[in-house]
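Q: For this one, chain A is given, so just place chain B on it according to the hints.
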Amino acid sequence: MKENVLFVDDDPMLLAGLKRMLRPMQKEWEMTFVDSPREAIRQMERLCFDVVVVDMRMPEIDGAQLLEEVRRLCPKSVRIVLSGQADLETIFRAVGPAHQYLAKPCDTDTLKAIIRRAVELRDSIRSVALREGVSTLCSLPSSAAVLRRLSAALQAPEVSLEAITEVVVSDLGLSAAVLKAVHSAFFCDRRELVKPADACQILGVELLRGVLGGVEASQSEDSRFHGWLDRRSAQAVLAARSAEQIAANLSSDRTFQTAAYVATLFGRCGEHCLTTLFPEEQGRYVDSSFASLAEQLTWERSSWGSTHCQVGAYLFSLWGVSGRVVDGIRFSEMLGNGTDTSVSVELINGVMQRWWYHYPQFFADDVSELPTDTVSGLSEQLLKKWLALCSEQLKSSVESSKAL
Amino acid sequence: MTRFMSEQLLQRKLDIAKQRIELLEKMIEEKTRQLYLEHVETVAAKERMSTILDTMQSSVIVVGTDGLIQGVNQALVRQLGEDEATLVGSPLDRILRHRPKGDSSGSVGQVDAEPLTPNTGSYLITRSASRIPVLVSDAPLIDADDNLFGQVFVCQDMTDYKALEGQLLQSQKLESVGQLAAGIAHEINTPIQFVGDNTHFLGESFGELAAILNKAADFSMAEEQAARQALGENLAESIKASDLKFLMEEIPKAIEQTLDGVSRVAKIVRAMKEFAHPGSSQKQGTDLNRLIESTVTVSTNEWKYVADLRLELDQTLQLVPCLPGELSQVILNMVVNSAHSIEDKFDKGKRGKGLIRISTRLEGLNAVIEISDNGNGIPPEVLNRIYDPFFTTKGVGRGTGQGLSIAHSVVVDKHRGSIDCRSTVGEGATFVIHLPINQQMT
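Read top to bottom, the protein sequences are chains A and B. Heads up: the first sequence is residues 1 to 404, going by my numbering. Heads up: the second sequence is residues 405 to 846, going by my numbering.
Everything labelled a hint here was simulated from the structure, so no lab data went into it. Quantities reported herein were computed from a predicted structural model and do not represent experimental measurements. Some hints could be false.
Per the computed footprint, the stretches of chain B lying under chain A, defined by three or more beta-carbons under 8 Å from a beta-carbon of chain A, are [as the list claims (entries may be wrong)]:
| id | segment |
| --- | --- |
| 1 | 604 to 611 |
| 2 | 651 to 660 |
Computed Cβ-Cβ distance ranges for the label pairs, DEER-style [unchecked claim]:
| id | chain 1 | residue 1 | chain 2 | residue 2 | range |
| --- | --- | --- | --- | --- | --- |
| 3 | B | E608 | A | R148 | 51 to 61 Å |
| 4 | A | Q26 | B | V836 | 51 to 61 Å |
| 5 | A | S292 | B | A645 | 54 to 64 Å |
When the alpha-carbon atoms are kept at most 30 Å apart in a straight line, the in silico DSSO-like pairs for lysine-lysine are as follows [stated by the list, open to error]:
| id | chain 1 | residue 1 | chain 2 | residue 2 |
| --- | --- | --- | --- | --- |
| 6 | B | K566 | B | K818 |
| 7 | B | K657 | A | K27 |
| 8 | B | K417 | B | K430 |
| 9 | A | K19 | B | K649 |
| 10 | A | K27 | B | K619 |
| 11 | B | K657 | A | K112 |
| 12 | B | K708 | A | K19 |
| 13 | A | K112 | B | K649 |
| 14 | B | K649 | A | K27 |
| 15 | A | K27 | B | K644 |
| 16 | A | K19 | A | K76 |
| 17 | B | K671 | A | K19 |
| 18 | B | K619 | B | K644 |
| 19 | B | K657 | A | K19 |
| 20 | A | K2 | B | K657 |
| 21 | A | K76 | A | K195 |
| 22 | A | K27 | A | K112 |
| 23 | A | K76 | B | K754 |
| 24 | A | K19 | A | K2 |
| 25 | A | K112 | B | K644 |
| 26 | B | K619 | A | K19 |
| 27 | A | K2 | B | K649 |
| 28 | B | K677 | B | K687 |
| 29 | A | K19 | B | K644 |
| 30 | B | K435 | B | K450 |
| 31 | A | K2 | B | K644 |
| 32 | B | K757 | B | K671 |
| 33 | A | K19 | B | K754 |
Note that beta-carbon positions come from the ideal geometry of N, C-alpha and C, so glycine has one too.
The following block holds chain A by itself, in its conformation from the complex (with noise of 0.2 Å):
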């Protein structure tokens, strides 16, 4: 079924360029191209864009307040920035209700390739209300305690990035809010593929104020849910790093280094979504009434049709994030096969996935058994190697917290 994209932007050339440019993709897509944002509501109102292309600069209405209207009229439509350039107090406008930013000039190849992505993965949520759900979150929650320490980071006297750089590394709202900033152009230029450390470098104090300012604390009144925020935060920097030891062990190559360590960083992310959208169901999660990722798995298909693996991933195609990731956290709920020698992102998140969350026990020293679903095709040696790498890093960091 073809996909539906509005174009808009004020200018009719740049409208007639892209028409033009455009068209062998009229096979994937049915598009419509209109010249002013008011016309622009009017279609949305007839119609149910899967994607919104938008430019910044336009006369009474400017890109930031139409990306809202969108999301209010039809919050599952994808929402993307297309913009010469706009003040910084217009783009922070757009940070929130908008997935993606890119700038003028954009070439072809990458503007189709940012479109088709974002609405690769839209069949792999069956559930419109979830799929609607999951386009209106404009970050991922984060514990009331974590905002406290970011606002007196960002409010001391003597800001310092170090300080601001260690509170959004230790919490994943923090971390998914720098990452939207810096896998869009809302900034700088787009990159693929980071670490949210190396992301705040990238931005710097001022941005990074801008960007986190947007961030909410949970609504949720649950004392003990904000607790499980942080103790899922504090576990996914923990699985993340080993992920990224075990893949160095693996590869020299830098960029699965450091897919390995995002997908695994955000690899629960999915929970994070579906206990915001669906706050009756926090306790579940709170309690850890799942014996396994597989009970959990189960459960999610049949209460909403889409597990938490799918649930992250989709939200981050829909922020442009590279694909490597998307898929390594898509598709690390499956324990496919793997060979020594053929490991992928997925595979090491899915098996850091069950290990963290649900077999932490085998991290201790005594322990020389291996947890119960090994992966088929790996060496034991490999794993016991994994595990060991893993022992590793939960030593390290109980000796630095007692260090503090």
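A: Just chain B, lined up with the frame of chain A:
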């Protein structure tokens, strides 16, 4: 007896006289001493005064009612490189050209009670005929009987200040360029986007057309009947599949719009170059119309969403001597002010668009530039403060209040022109700039 009595009497009288003489001598001594001390005091005071006058950095000139110099201090001697002897007795205007506010004669007897603004253009003339810009304050000298017996001028060297002022102007200019940069980037990036898209389209279209042309060529060169038939069918199919009609319509449009886009970018870059150029400190004959056009181009993004801009430029206007770098800054400041005022009145374009009109014409010996808008206007109580440095009615971040003060300084002080403002609250404002076309090339 009498003789003896007389002797005694005489002796007594002598004694009294001696006493009196002693007393008088004492008094004289005392007085002399006093006089001496006062003299010393007076000399010392005079020397202190002298030291003060000769140590102070500012130059002091005392002028008599005849306009001739009666006294000067060392600072002046140093500044001018002339001896006191040659200065005393000379007419004042040999060494000082001074125009108090509102008066161009600078003659003695004109008492100027108001402090002069720094840019009065007063200057001292040194022995080597070079000029030192100075800030002059002067006061009448009046004696105890209320008679005017002269005038004293104190001149402060403004050379450093002038240099700073020049820098301030340039940095204000660069600040404007910076503020405009975001808008200019947008004006450039949008055409570049569609230039790229169109060229991509043209490339693909050429591919399609080339394929068809090749088939047509093969077809036209085939001799054998069956081959001709096959090739002909093939050709017809290709034509059908490619939507030739669309290509024939769109290709010329794509080329035309691409060229348009390229010229849009070129125009903006050219305007930027002209605008940002610091220009010289000497006046040069300038095409005012072109200056206005390039300033308008450079600021397009500031006004195009909230107002229409109409130019009514007199094409017969000759070259006007001026400082183009500074004058373009003035025009820019006014256009941006108009845009802001319109933005406020029309609620950022939500309630329609305003109108900015810029016109040029010749009026007698002056070139006249008029900039008017239909924004909020300026209330009368604000009107006489608009040229004050750092005075602004705009919110934080929307201007530092220097625009009009710089405009005033550039037009009035540097170009000997005038700048007036008429305004009705709720209806808009009009600024009228007069620039003399006969500037001495100073």
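Q: Give a verdict on every hint.
A: Hints versus structure:
1. 604 to 611: Since 3 is at least three, the answer is holds.
2. 651 to 660: Three-residue rule met by the segment 651 to 660 of chain B, so holds; n is 3.
3. B:E608 to A:R148: 51 to 61 Å: 55 Å, holds
4. A:Q26 to B:V836: 51 to 61 Å: Given about 57 Å between the Cβ atoms, the range holds.
5. A:S292 to B:A645: 54 to 64 Å: Check passed, 56 Å falls within 54 to 64 Å.
6. B:K566 to B:K818: 12 Å, holds
7. B:K657 to A:K27: Holds, because 23 Å separates the two Cα atoms, which is no more than 30 Å.
8. B:K417 to B:K430: Measuring from Cα to Cα gives roughly 20 Å; hence the hint holds.
9. A:K19 to B:K649: 16 Å, holds
10. A:K27 to B:K619: 25 Å, holds
11. B:K657 to A:K112: 23 Å, holds
12. B:K708 to A:K19: Satisfied, since the Cα-Cα distance of roughly 25 Å is no more than 30 Å.
13. A:K112 to B:K649: 25 Å, holds
14. B:K649 to A:K27: 19 Å, holds
15. A:K27 to B:K644: 17 Å, holds
16. A:K19 to A:K76: 24 Å, holds
17. B:K671 to A:K19: 25 Å, holds
18. B:K619 to B:K644: Distance ~13 Å between K619 (chain B) and K644 (chain B) Cα, so the pair holds.
19. B:K657 to A:K19: 12 Å, holds
20. A:K2 to B:K657: 28 Å, holds
21. A:K76 to A:K195: 28 Å, holds
22. A:K27 to A:K112: Since the Cα atoms of K27 (chain A) and K112 (chain A) sit roughly 13 Å apart, the hinted pair holds (cutoff 30 Å).
23. A:K76 to B:K754: Distance of about 28 Å is within 30 Å: holds.
24. A:K19 to A:K2: 17 Å, holds
25. A:K112 to B:K644: The given pair, whose Cα atoms are some 26 Å apart, holds under the 30 Å limit.
26. B:K619 to A:K19: 28 Å, holds
27. A:K2 to B:K649: It holds: about 25 Å lies between the C-alpha atoms, which stays within 30 Å.
28. B:K677 to B:K687: Holds, at about 19 Å.
29. A:K19 to B:K644: Within the cut-off at roughly 21 Å; holds.
30. B:K435 to B:K450: 21 Å, holds
31. A:K2 to B:K644: 23 Å, holds
32. B:K757 to B:K671: Holds, because 25 Å separates the two Cα atoms, which is no more than 30 Å.
33. A:K19 to B:K754: 29 Å, holds
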